[in-house]
Amino acid sequence: MKLSTNIKPISHLKAHTAAVVRQLMDEREPLVITQNGEAKVVMQDVRSFEETQETLALLKILALGNRQIEEGRVERARDVFARLRNPG
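If you're matching positions, the sequence shown starts at 14 in the numbering used here and goes up one per residue.
Certain hints may be false.
[Said to hold, decoys possible] Computed beta-carbon distance windows for the label pairs: (1) Leu77 <-> Ala52: 25 to 35 Å; (2) Ile23 <-> Thr65: 19 to 29 Å; (3) Glu63 <-> Thr30: 18 to 28 Å; (4) Gly101 <-> Lys15: 49 to 59 Å; (5) Gln57 <-> Lys27: 17 to 27 Å; (6) Lys21 <-> Arg89: 52 to 62 Å; (7) Glu42 <-> Glu67: 13 to 23 Å; (8) Arg60 <-> His25: 14 to 24 Å; (9) Ala76 <-> Ser17: 25 to 35 Å; (10) Asn99 <-> Asn79: 27 to 37 Å.
[Claimed, not checked] Keeping only pairs whose Cα atoms sit at most 27 Å apart, straight-line, the calculated DSS-like set for lysine-lysine is: (11) Lys27 <-> Lys53; (12) Lys53 <-> Lys21; (13) Lys15 <-> Lys53; (14) Lys73 <-> Lys15; (15) Lys27 <-> Lys15.
Hints in this document: simulated from the structure, not taken from any laboratory.
A virtual CB, placed ideally from N, CA and C, is assigned to each residue, including glycine.
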């Protein structure tokens, strides 16, 4: 997905708001809005935004796990499961 392919000036958004919203929901592709010829904001539908946030959260968890492995902060799965079964 290239953001450079879906760019509109803010005047287009003002004049065609309902159509822009429909397009965002139908195509599920972000839209770059420009003001005075410069990119200012990116718009996207709510479902795509939520999916992006979930993906970022998973990537953060993976990065944290990798950092813990690199630091040697790991335990054998067998030991973890044993501790979970017998928490006392």
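Subject >> In rising order, the numbers of the hints this structure does not comply with >> reply: Violated hints: none; all satisfied.
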